[in-house]
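Asker: Here is how the chains run, residue by residue.
Number of protein chains: 2
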Amino acid sequence: MISQTAEYALRAAVTLADAYPAPTTVQVVSEAVSVPVPYLAKVLSTLARAGVVTSQRGKRGGFTLMRPPDQTSVLDIVQAVDPIERVQGCPLGRPEHHEGLCPLHRRLDEAAARTEQAFRDTPLSDLLSGTDVTGQSVIPCSIGAREVATT
Amino acid sequence: MISQTAEYALRAAVTLADAYPAPTTVQVVSEAVSVPVPYLAKVLSTLARAGVVTSQRGKRGGFTLMRPPDQTSVLDIVQAVDPIERVQGCPLGRPEHHEGLCPLHRRLDEAAARTEQAFRDTPLSDLLSGTDVTGQSVIPCSIGAREVATT
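Chains as they are written, first to last, in the numbering used here: chain A, 3 to 153; chain B, 3 to 153.
One or more of the hints may lead you astray.
Footprint (simulated), chain B over chain A, 3 or more residues, beta carbon under 8 Å [what the hints assert, rightly or not]:
no. : region
1   : 45–54
2   : 82–92
3   : 106–114
Think of the hints as simulated: they come from the structure by calculation, not from any bench. Where is the CB? At the ideal position from N, CA and C, for every residue including glycine.
Just chain A, same shape as in the assembly:
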């Protein structure tokens, strides 16, 4: 459904959301989300270029979400690193489909649109520690890892 890069970006974003508004270093995020530093640094740079995260240099520097977790969506993160592909036009370039897609490509685009909407409707704040519908407490992978790492 989503690429490995988008998966990594989301893990990192959840880690930054949990720490918000405090900055987190690449090293700490890397350990929390089980992604090597060089790859993660590229992902975080892409998120920074897209204006989703911001970085501060210096001793107490690191990456922070640009906006609070309840104002940053899963879609913001995914679109920054590996956008969901909508079917903009007939992939076969048929002139008769300039005005509207054929049934197959319309359905495929509808599926992409539904995923986009679900991701748009999910703020990062919904992905932090909490309680699930059965009353069990849940913690994100990355936050769980960080807690393990600091104990």
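Knowing the structure of chain A, use the given hints to seat chain B on it.
Answerer: Chain B in isolation, oriented as in the chain A frame:
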């Protein structure tokens, strides 16, 4: 959303659905769906191994859908060539997520499940020529191409 291989398989499946129950040669499908014969032959072989299409040798041979178009879904085709990846377990292998996914991975799996369901609910017969909600006639890319090719 779906891979190039899945897109090609779906174009081919729509072509076979339109011709059903008559067999169609790889050459005819290739021309209809704008996919080179060697690549398409591999895709059709994969669909045949999965039991979605069947091939008949001989002068009047070719590929046919195994079941009628209203009993073959978009999901049948996609799963045969490039299955939608569900999140079966915690990608980070956290022991605390053995029983249930964290909020991020649960949402990602829900998105995959919704796409699966939409594809399961779409028989190939829904993708053939017809009339859209605005009353305009629509023809699939591949069928459009075939008509052009035979005129």
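Asker: Cut-off 8 Å, C-beta pairs, minimum 3 residues; does the coverage of the region 82–92 of chain A by chain B stand?
Answerer: Check passed, 3 qualifying residues.
Asker: Examine the region 45–54 of chain A for residues whose CB is less than 8 Å from any CB of chain B, and state whether their number is three or more.
Answerer: violated (count 0)
Asker: Taking 8 Å as the Cβ threshold, is the statement that the region 106–114 of chain A is covered by chain B upheld or broken by the three-residue rule?
Answerer: Satisfied; 7 residues make the cut.
Comparing the model with each numbered hint stated earlier shows that hint 1 is the single one that does not hold.
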